[in-house]
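Protein chains: 2
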Amino acid sequence: MADIDAFVQAEADALVRELSEWCAIPSISSDPERAGDVRRSAEHLAGLMEAAGLDTEVLAADGGLPAVYGEWLGAGTDAPTITVYGHHDVQPADPLEEWATPPFEPTVRDGCLHARGASDDKGQIHFQVSAIRHLLAADGRLPVNVKFFVEGEEESGSPTIDAFLGEHADRLACDLILVSDTGMVAEDVPSLVTAMRGLIYFQVDLRTAPADLHSGSFGGAVPNAIAELVTLLAGLKDEAGRITIPGWYDDVVALTDEERANMAALPFDPDQLKAVTGVGALPGEDGYTPLERMSGRPTADVNGIWGGFSGVGTKTIIPATAHAKVSFRLVADQEPARLEPLFERWVRDRVPDHVEVSVRSYGGVKPARTPLDHPGNRAAAKAVARAFGKDPLFYREGGSGPERALSDALGAACVYLGVMLPEDRVHAPNERLLLAHYYRGVRAAAYAFEEFAKPEVATALRAPAG
Amino acid sequence: MADIDAFVQAEADALVRELSEWCAIPSISSDPERAGDVRRSAEHLAGLMEAAGLDTEVLAADGGLPAVYGEWLGAGTDAPTITVYGHHDVQPADPLEEWATPPFEPTVRDGCLHARGASDDKGQIHFQVSAIRHLLAADGRLPVNVKFFVEGEEESGSPTIDAFLGEHADRLACDLILVSDTGMVAEDVPSLVTAMRGLIYFQVDLRTAPADLHSGSFGGAVPNAIAELVTLLAGLKDEAGRITIPGWYDDVVALTDEERANMAALPFDPDQLKAVTGVGALPGEDGYTPLERMSGRPTADVNGIWGGFSGVGTKTIIPATAHAKVSFRLVADQEPARLEPLFERWVRDRVPDHVEVSVRSYGGVKPARTPLDHPGNRAAAKAVARAFGKDPLFYREGGSGPERALSDALGAACVYLGVMLPEDRVHAPNERLLLAHYYRGVRAAAYAFEEFAKPEVATALRAPAG
Numbered sequence: 133m134a135d136i137d138a139f140v141q142a143e144a145d146a147l148v149r150e151l152s153e154w155c156a157i158p159s160i161s162s163d164p165e166r167a168g169d170v171r172r173s174a175e176h177l178a179g180l181m182e183a184a185g186l187d188t189e190v191l192a193a194d195g196g197l198p199a200v201y202g203e204w205l206g207a208g209t210d211a212p213t214i215t216v217y218g219h220h221d222v223q224p225a226d227p228l229e230e231w232a233t234p235p236f237e238p239t240v241r242d243g244c245l246h247a248r249g250a251s252d253d254k255g256q257i258h259f260q261v262s263a264i265r266h267l268l269a270a271d272g273r274l275p276v277n278v279k280f281f282v283e284g285e286e287e288s289g290s291p292t293i294d295a296f297l298g299e300h301a302d303r304l305a306c307d308l309i310l311v312s313d314t315g316m317v318a319e320d321v322p323s324l325v326t327a328m329r330g331l332i333y334f335q336v337d338l339r340t341a342p343a344d345l346h347s348g349s350f351g352g353a354v355p356n357a358i359a360e361l362v363t364l365l366a367g368l369k370d371e372a373g374r375i376t377i378p379g380w381y382d383d384v385v386a387l388t389d390e391e392r393a394n395m396a397a398l399p400f401d402p403d404q405l406k407a408v409t410g411v412g413a414l415p416g417e418d419g420y421t422p423l424e425r426m427s428g429r430p431t432a433d434v435n436g437i438w439g440g441f442s443g444v445g446t447k448t449i450i451p452a453t454a455h456a457k458v459s460f461r462l463v464a465d466q467e468p469a470r471l472e473p474l475f476e477r478w479v480r481d482r483v484p485d486h487v488e489v490s491v492r493s494y495g496g497v498k499p500a501r502t503p504l505d506h507p508g509n510r511a512a513a514k515a516v517a518r519a520f521g522k523d524p525l526f527y528r529e530g531g532s533g534p535e536r537a538l539s540d541a542l543g544a545a546c547v548y549l550g551v552m553l554p555e556d557r558v559h560a561p562n563e564r565l566l567l568a569h570y571y572r573g574v575r576a577a578a579y580a581f582e583e584f585a586k587p588e589v590a591t592a593l594r595a596p597a598g
Numbered sequence: 133m134a135d136i137d138a139f140v141q142a143e144a145d146a147l148v149r150e151l152s153e154w155c156a157i158p159s160i161s162s163d164p165e166r167a168g169d170v171r172r173s174a175e176h177l178a179g180l181m182e183a184a185g186l187d188t189e190v191l192a193a194d195g196g197l198p199a200v201y202g203e204w205l206g207a208g209t210d211a212p213t214i215t216v217y218g219h220h221d222v223q224p225a226d227p228l229e230e231w232a233t234p235p236f237e238p239t240v241r242d243g244c245l246h247a248r249g250a251s252d253d254k255g256q257i258h259f260q261v262s263a264i265r266h267l268l269a270a271d272g273r274l275p276v277n278v279k280f281f282v283e284g285e286e287e288s289g290s291p292t293i294d295a296f297l298g299e300h301a302d303r304l305a306c307d308l309i310l311v312s313d314t315g316m317v318a319e320d321v322p323s324l325v326t327a328m329r330g331l332i333y334f335q336v337d338l339r340t341a342p343a344d345l346h347s348g349s350f351g352g353a354v355p356n357a358i359a360e361l362v363t364l365l366a367g368l369k370d371e372a373g374r375i376t377i378p379g380w381y382d383d384v385v386a387l388t389d390e391e392r393a394n395m396a397a398l399p400f401d402p403d404q405l406k407a408v409t410g411v412g413a414l415p416g417e418d419g420y421t422p423l424e425r426m427s428g429r430p431t432a433d434v435n436g437i438w439g440g441f442s443g444v445g446t447k448t449i450i451p452a453t454a455h456a457k458v459s460f461r462l463v464a465d466q467e468p469a470r471l472e473p474l475f476e477r478w479v480r481d482r483v484p485d486h487v488e489v490s491v492r493s494y495g496g497v498k499p500a501r502t503p504l505d506h507p508g509n510r511a512a513a514k515a516v517a518r519a520f521g522k523d524p525l526f527y528r529e530g531g532s533g534p535e536r537a538l539s540d541a542l543g544a545a546c547v548y549l550g551v552m553l554p555e556d557r558v559h560a561p562n563e564r565l566l567l568a569h570y571y572r573g574v575r576a577a578a579y580a581f582e583e584f585a586k587p588e589v590a591t592a593l594r595a596p597a598g
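Protein chains in written order, with my numbering: chain S, 133 to 598; chain Z, 133 to 598.
Quick caveat, the hints were computed from the structure, so don't treat them as lab data.
Be a bit skeptical, because a hint or two may be false.
[What the hints assert, rightly or not] Only pairs whose alpha carbons sit at most 30 Å apart, straight line, appear in this in silico DSSO-like list of lysine-lysine: (1) Z/K586 to Z/K514; (2) S/K406 to S/K369; (3) Z/K522 to S/K447; (4) S/K447 to Z/K369; (5) S/K406 to S/K522; (6) S/K522 to S/K586; (7) Z/K369 to Z/K406; (8) S/K369 to Z/K447; (9) Z/K369 to S/K369; (10) S/K406 to Z/K447; (11) Z/K522 to Z/K406; (12) S/K514 to S/K586; (13) Z/K522 to Z/K586.
This one's a predicted model, so the numbers in the text were calculated from it and none came from an experiment.
Whole structure, please, built from the sequences with the hints as guidance.
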């Protein structure tokens, strides 16, 4: 019988060396000149997965960067099938001069592996592959059927993921998606994400005249495009911090008492958040804590605004046009396709007839949510408790990712097993992976496969959704 | 005794030829490469003024472009002294390709002189000089003492006028300033400006964090600089279109019944204003007509706004900074020095404590106003009635100029005698001067000097202000 603790202890240095070799490949998906490196990274990972005992293939959608598919399906038809999701591409590394050691020369110091991609997300794929390698080596089998889908475009917004899922949904079909691309709230607070926010994003263009007008000649009698825009945008939220668009909250699933209790138990210090962000206050929707507002509630933000004269000095114009980028984070079950027209209608209803309006949508990301009492979450929580020695807390992630697209395409819920920490400097210089957390990740992955295989969990996972 | 009608008829073509030679000089004050032309224009005008019988001198403040001073002071100490104000510099002429004939090759067609500066302002100085030339030639004297101050920087915002006035106030001292740089509302509507608006102009900078923040990670719990700015600016006016800054209207001199009756009698067509400006409505302060609002009432305009992301596509930031240019047209007796701190205080009072604010003032222009019943206005109205065959209407100009600075420096009121028309394309390609109006201008100037000399007017003008 596999002894994952002994494996991790025996192989600790070798595992980090193996991960380091992979992290040395600068698989920056947003840089077209690194396309060869992204391919090299995919092939390197495919090699690691083959060595672990998975049947592996490098695949890409038309025009997309290569993803790595892998599978071990020997657990039988009664056992659930788990698809592990993550990515092998990384963020750009600039500004390079701010790195203490070069981003693609992985270096261990202070108990951490320092490299671009160490946490996000190579280390988190690697702990899954390592767990499987040990289980297959020790037992000759896994307790569940396992598939991997490790994409190469996540840091570029997964532009071809829908095409990829359309093409390979059958192959990726599963009973549960195990997302290995999230984190924990603190080193001593084992925790599991249960939801991601969605996103819709717009550009709003207003026009009040064919050209700017002279404020001396016409000031007092003609509309001002910027004045119209600021009036519109100032009405986006009410005094209580709630979005005023009619119907906006209709589909919001309220935070449950258990979720709120979990979030209240997280070690959150408002002063620390203020210090980290440099803000002087934490304003937001009445009736919710900052943590709840940052992840469990809808938000609206003006991301950019421009119009009229912005040079040095003065220009006495009444601007003819004004523009803004406006975006909304969504929570389950707010659907982009329902909300986008609500926003557009709200804009058109609020601006006077003499204002020409254009609302352009940049497309949306759907929110994802897996209830706390989903058998996958309960099983993953047990696995984390075993690996970290402490019951985990559930929380929500405020950002947006492809998880819901995965979930919809594969007809399975997402469970999030990740070990990144807020201080890991993901997307920033000096990204790192806390090795103690990585090793616990190897154990948690192995335990998770065991937990998912337990009869009552397996039965629940195998039951048709609904 | 001078017969100004006969003079104008006899010299009609010669006057236009003389004006055309002057207009051929491209005295564009905003173009440093044209500094030589501005000087040439000043010297050319000085020659015309000398020929008319004025003692003339070209003067400039330190670092300023040349102005032309002239005087004839033979009317005696009981006669009032009138200082004619205008400018000999012109706007840039681009886009050149839109001119039917080149801007500095003055051409007569359709009863108009087409040239840059024909109306604004060489033609309007020239009719004054021509009137004086005839009066002095015919009578050997003028009914009043006359001075000229024709500056060379008006189209660049009169940057050194305060220095000039400080240096030459004694020399320019007078009982009345006769501004020769305004217009009439229509060809068949003789009319006189009685007021100019003032102007104050600000840049407002808000900061809510040291750097932009990720809207996924922090959205819902941190302030958004643009949201703070739009909320602030949306509160600048109330539902009735009134500026909400406490104390803003305290010093506003109400439009008199006579002024309102005059403005109501002007041929104003809202549809034509909409057509000219291309706007779909004429919104503004409740209780006032568009004409009143465009000239006789305070206004507030956001002239520019910027912050956050304005590129192609999307960027999910919560912006840390937001900026706006905000300006106000003022009416008598609103004083920049009193209102600037009111605006700054309003901004600081309205933004929450967690927002860092900077309010930068670009300095102000004071409003100017000469009551309709000022003896200078009544006399000028009589002169215009004689020249145009119809009693003029009084109205206000919405723009801002150096008139109040002149008035304060010289301790005299401004009376506005101008013949420009809205269709003269001032500041635009194909600027023109309607010759019929120009000729009437010569007559009106001559009559105005007569009217100012009438004993009851002269006595009133010579009385100490107060």
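- [ ] Please name the hints from earlier in the document that this structure breaks, with their numbers sorted from lowest to highest.
- [x] As far as the earlier hints go, only 3 is violated by this structure.
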